[in-house]
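Number of protein chains: 2
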Amino acid sequence: MIFVTFSIILHQSKVKSMSSEKRCEYCIIRQFNSLRAMSKEELKQVSDSKTSKSFKKGEAIFEEGEKLNGVFCVRDGVTKLSKLSSNGKDQIVKLATKGEVMGQRSVIAEETSNLSAVAVNDMELCFIPKEVIINTLHKNPDFTFEVLRLMAHDLKEADDVIVNISQKTVKQRIAEAFIYLKSNYGEDKDGYLSLSLSREDIANVVGTATESCIRIISEFKKKGLLKSSGKKLGILDEKKLRDLAEGF
Amino acid sequence: MIFVTFSIILHQSKVKSMSSEKRCEYCIIRQFNSLRAMSKEELKQVSDSKTSKSFKKGEAIFEEGEKLNGVFCVRDGVTKLSKLSSNGKDQIVKLATKGEVMGQRSVIAEETSNLSAVAVNDMELCFIPKEVIINTLHKNPDFTFEVLRLMAHDLKEADDVIVNISQKTVKQRIAEAFIYLKSNYGEDKDGYLSLSLSREDIANVVGTATESCIRIISEFKKKGLLKSSGKKLGILDEKKLRDLAEGF
DNA sequence: TTAAAAACCTGACATATATCATTGTTTCCA
DNA sequence: TGGAAACAATGATATATGTCAGGTTTTTAA
Numbered sequence: 009m010i011f012v013t014f015s016i017i018l019h020q021s022k023v024k025s026m027s028s029e030k031r032c033e034y035c036i037i038r039q040f041n042s043l044r045a046m047s048k049e050e051l052k053q054v055s056d057s058k059t060s061k062s063f064k065k066g067e068a069i070f071e072e073g074e075k076l077n078g079v080f081c082v083r084d085g086v087t088k089l090s091k092l093s094s095n096g097k098d099q100i101v102k103l104a105t106k107g108e109v110m111g112q113r114s115v116i117a118e119e120t121s122n123l124s125a126v127a128v129n130d131m132e133l134c135f136i137p138k139e140v141i142i143n144t145l146h147k148n149p150d151f152t153f154e155v156l157r158l159m160a161h162d163l164k165e166a167d168d169v170i171v172n173i174s175q176k177t178v179k180q181r182i183a184e185a186f187i188y189l190k191s192n193y194g195e196d197k198d199g200y201l202s203l204s205l206s207r208e209d210i211a212n213v214v215g216t217a218t219e220s221c222i223r224i225i226s227e228f229k230k231k232g233l234l235k236s237s238g239k240k241l242g243i244l245d246e247k248k249l250r251d252l253a254e255g256f
Numbered sequence: 009m010i011f012v013t014f015s016i017i018l019h020q021s022k023v024k025s026m027s028s029e030k031r032c033e034y035c036i037i038r039q040f041n042s043l044r045a046m047s048k049e050e051l052k053q054v055s056d057s058k059t060s061k062s063f064k065k066g067e068a069i070f071e072e073g074e075k076l077n078g079v080f081c082v083r084d085g086v087t088k089l090s091k092l093s094s095n096g097k098d099q100i101v102k103l104a105t106k107g108e109v110m111g112q113r114s115v116i117a118e119e120t121s122n123l124s125a126v127a128v129n130d131m132e133l134c135f136i137p138k139e140v141i142i143n144t145l146h147k148n149p150d151f152t153f154e155v156l157r158l159m160a161h162d163l164k165e166a167d168d169v170i171v172n173i174s175q176k177t178v179k180q181r182i183a184e185a186f187i188y189l190k191s192n193y194g195e196d197k198d199g200y201l202s203l204s205l206s207r208e209d210i211a212n213v214v215g216t217a218t219e220s221c222i223r224i225i226s227e228f229k230k231k232g233l234l235k236s237s238g239k240k241l242g243i244l245d246e247k248k249l250r251d252l253a254e255g256f
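Protein chains in written order, with this note's numbering: chain A, 9 to 256; chain B, 9 to 256.
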């Protein structure tokens, strides 16, 4: 799971107005991923070969070990990318959001996917067959470089996660997770997080037992750091959460 | 730290025979990293601009937060790449070996290094200025793709590490570390691991306290899974170590 | 060769976290 | 709308791991 604080929040309204029929050439989403480096011609190719897919909350987009015949460009919604460990628990490694491309790594390495992807909420995706991607990778160095740049970024974040998980306490990591959720997905007008994950999902993000996660969230609520209303959770004292995450 | 079992072990003798004066075009090492995808012309450029550097065991090659003006190609020796966590402990994220290129990520992302590199034993490195690399990345898609492929591999391994660290016990991870050390660096004629890391380094690889690491190694010795002679450690029962790592 | 410094080892103890079990609460859909 | 399933909460307990503190052995370098 990745804890980086600044990122672009696309507004729901803007995205909703784009129908699946629209062409990649005019797709706003593209601006936020590697496809921005494609030429008009290449985008045309992508557009002609892509298919749109919808997934309901909870549905699997692909499974660990599955051979991917292309990549998924997230148009709307959020996916959890996770990996099953030998003890039977799912570790969420990354959340993929509007604008991100999933499955690139596997397609590039010509390996089966090392992760499973499950929709956290209802999703709209574009599926782009791998041939087009591979083709462009071999022809357009700008595109390849852009993919490389994004992967370099992911790798750095993965390093950060490794250090966080092995050196910080569960409490610190949960505090961090809430800050991450707020800064990456924002909050609604009442101050509740726009993306609401179940306690189990949060536990799988930070790598702990669900019960421990619940306990710590309860503690945070008692201490006035978080508030809740039904399923929704909101941040009351961001500064204190940040301090906690840093170990104070 | 990365636990992947199959990898190429270059033989000491072969490498020792190459002097720093030799040209990249004829360097065997190159075959094992992204430079294999460079053209004769590009390699000539690299060769003309590279400088050779030696580091003694324990010396720092670069520090976290440092701006890298190029990449390091490991000709001989092993480096630990680590990151300092807020609690003051070093987490080793990767060991870089003969044939690997360090610092690529930072150069590509145009960021300061997120990791420190310290020599585990005496090292021979080639330093390649970033201009040549960046230049080639923008001109030669084969090279860029090769770098991308290797980074995709690193990313997958990082995912594996995340899952291991958060879901496996310290004992499992230490068992895994020994299997990794054997299969990646081999053992001498007496069955001792060729690469000997201090207990502290092993602890920093698996993300635990030094004392815990020592205790578990002692336990493994008592159980006949490991043997030691002075500083050297050797594997006696690989099968059992593997089982342990899997949780049996 | 010897002293100092690292590295290694071990015990006692504290504590964070996992696990198991039970109950209450919300959400969903038939 | 009611009943089942999923989710959340909390207590009791076990355990793995970290921390502190005191040793011994090995390595290093003067």
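Bear in mind the hints are in silico, worked out from the structure with no lab data behind them. All of these numbers come straight from a predicted model, not from anything done at the bench. Just to be clear, a hint being listed does not mean it is correct.
Treat identical chains as interchangeable: a pair holds within one or across any two.
[Unchecked claim] Only pairs whose alpha carbons sit at most 25 Å apart, straight line, appear in this in silico DSS-like list of lysine-lysine:
#, residue 1, residue 2
1, Lys147, Lys179
2, Lys48, Lys239
3, Lys190, Lys30
4, Lys176, Lys248
5, Lys248, Lys97
6, Lys240, Lys147
7, Lys176, Lys97
8, Lys97, Lys179
9, Lys138, Lys231
10, Lys179, Lys48
11, Lys231, Lys64
12, Lys64, Lys147
Here is what the structure says about each hint:
1. Lys147 <-> Lys179: Neither way: Lys147 and Lys179 sit 48 Å apart in one copy and 47 Å across, limit 25 Å.
2. Lys48 <-> Lys239: Intra 44 Å, inter 61 Å, cutoff 25 Å: neither.
3. Lys190 <-> Lys30: So Lys190 and Lys30 fail the 25 Å test inside a copy (31 Å) and across (54 Å) alike.
4. Lys176 <-> Lys248: within (16 Å within a copy, 31 Å between copies)
5. Lys248 <-> Lys97: Between. Shortest inter-copy distance 23 Å satisfies the 25 Å Cα cut-off; intra-copy 31 Å does not.
6. Lys240 <-> Lys147: Neither way: Lys240 and Lys147 sit 47 Å apart in one copy and 50 Å across, limit 25 Å.
7. Lys176 <-> Lys97: This pair counts as both: shortest intra-copy Cα distance 20 Å, inter-copy 10 Å.
8. Lys97 <-> Lys179: For Lys97 and Lys179, the Cα distance is within 25 Å both inside one copy (20 Å) and across copies (18 Å).
9. Lys138 <-> Lys231: Neither. Shortest intra-copy (50 Å) and inter-copy (50 Å) distances fail the 25 Å Cα cut-off.
10. Lys179 <-> Lys48: neither (48 Å within a copy, 54 Å between copies)
11. Lys231 <-> Lys64: Neither. Shortest intra-copy (36 Å) and inter-copy (51 Å) distances fail the 25 Å Cα cut-off.
12. Lys64 <-> Lys147: neither (36 Å within a copy, 43 Å between copies)
The structure fails to meet hints 1, 2, 3, 6, 9, 10, 11 and 12 from the earlier list, while all remaining hints are met.
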